[in-house]
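Chemist: The chain contents come next:
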Amino acid sequence: QQQVRQSPQSLTVWEGETAILNCSYEDSTFNYFPWYQQFPGEGPALLISIRSVSDKKEDGRFTIFFNKREKKLSLHITDSQPGDSATYFCAASTGYQNFYFGKGTSLTVIP
Amino acid sequence: GALVYQYPRRTICKSGTSMRMECQAVGFQATSVAWYRQSPQKTFELIALSTVNSAIKYEQNFTQEKFPISHPNLSFSSMTVLNAYLEDRGLYLCGARAGSYEQYFGPGTRLTVL
Chain A
-11 QQQVRQSPQS LTVWEGETAI LNCSYEDSTF NYFPWYQQFP GEGPALLISI RSVSDKKEDG
49 RFTIFFNKRE KKLSLHITDS QPGDSATYFC AASTGYQNFY FGKGTSLTVI P
Chain B
128 GALVYQYPRR TICKSGTSMR MECQAVGFQA TSVAWYRQSP QKTFELIALS TVNSAIKYEQ
188 NFTQEKFPIS HPNLSFSSMT VLNAYLEDRG LYLCGARAGS YEQYFGPGTR LTVL
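One line per chain: the protein sequences are A and B, in this order. Under this note's numbering, the first residue of the first sequence carries the number -11, and numbering increases by one thereafter. Under this note's numbering, the first residue of the second sequence carries the number 128, and numbering increases by one thereafter.
Heads up, a few of these hints could be off.
[Unchecked claim] Covered by chain B, according to a simulated footprint, are these stretches of chain A (three or more residues, beta-carbon under 8 Å):
1. 31 to 40
2. 45 to 56
3. 84 to 98
[As the list claims (entries may be wrong)] Derived PhoX-like pairs: lysine-lysine, alpha-carbon spacing no greater than 25 Å straight-line:
4. K91/A / K184/B
5. K169/B / K59/A
6. K60/A / K184/B
7. K91/A / K169/B
8. K91/A / K45/A
9. K91/A / K59/A
[Claimed, not checked] Which residues of chain B face chain A? A few of them, derived with a C-beta cut under 10 Å, are:
10. K141
11. Q165
12. T178
13. K193
14. R216
15. G222
In case anyone wonders, no lab produced these hints; they're calculated from the structure. Using N, Cα and C, we set each Cβ at its ideal position, and we do this for glycine too.
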């Protein structure tokens, strides 16, 4: 059973638009949700994260919205730039336990 | 800041041979280190997890006999892929955790098996 699911698998937006990436999870004990950004040929970089005690986390153009009741979260990228084109992974964990990763959303931002 | 180094970045080995890769966390005290393999389809597979004061725990489908890991401390870890075959190819990622939350990845070691 896949613990973390992401949608869509791929997303294309125009420069300046808001990209919305979705994530859902199964285990209600998960309490930490990082998003990673990965460019081709590189390792995943921690982009932004949220803990389950919060419902929103903002960092510049990146915002996580978290709905604990529905076990869903989303990453909003406002004013998307071509440099944001990458694969984005949602992950979840509980305390010191291992992370569960989604299969990623490939984002393309067209100039 | 928190950085995780991995080397080599790329390696090619002949089928049936072995190769060793290393991981080093710099700038923070790692509380756990996890090794992952990312497939060409970008799916993450957890190989093993090491935490402070506990033994290395291998996930199903991965064994110590195939992927031995050693680390004098959690800031430095090495893993060997023994008798590598085509199905072992992929990007091997080391993730070091700071505290109970943030996990930082290295750039990965890309293994190609001929």
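Chemist: Please go over all the hints and tell whether each is borne out by the structure.
Modeler: Consistency of the hints with the structure:
no., hint, in the structure
1, 31 to 40, "holds (count 6)"
2, 45 to 56, "violated (count 0)"
3, 84 to 98, "holds (count 6)"
4, K91/A / K184/B, "holds, 23 Å"
5, K169/B / K59/A, "holds, 24 Å"
6, K60/A / K184/B, "violated, 29 Å"
7, K91/A / K169/B, "holds, 7 Å"
8, K91/A / K45/A, "holds, 22 Å"
9, K91/A / K59/A, "holds, 17 Å"
10, K141, "violated, 23 Å"
11, Q165, "holds, 8 Å"
12, T178, "holds, 6 Å"
13, K193, "violated, 19 Å"
14, R216, "violated, 15 Å"
15, G222, "holds, 7 Å"
When held up to the earlier numbered hints, the structure conflicts with 2, 6, 10, 13 and 14 and fits the remainder.
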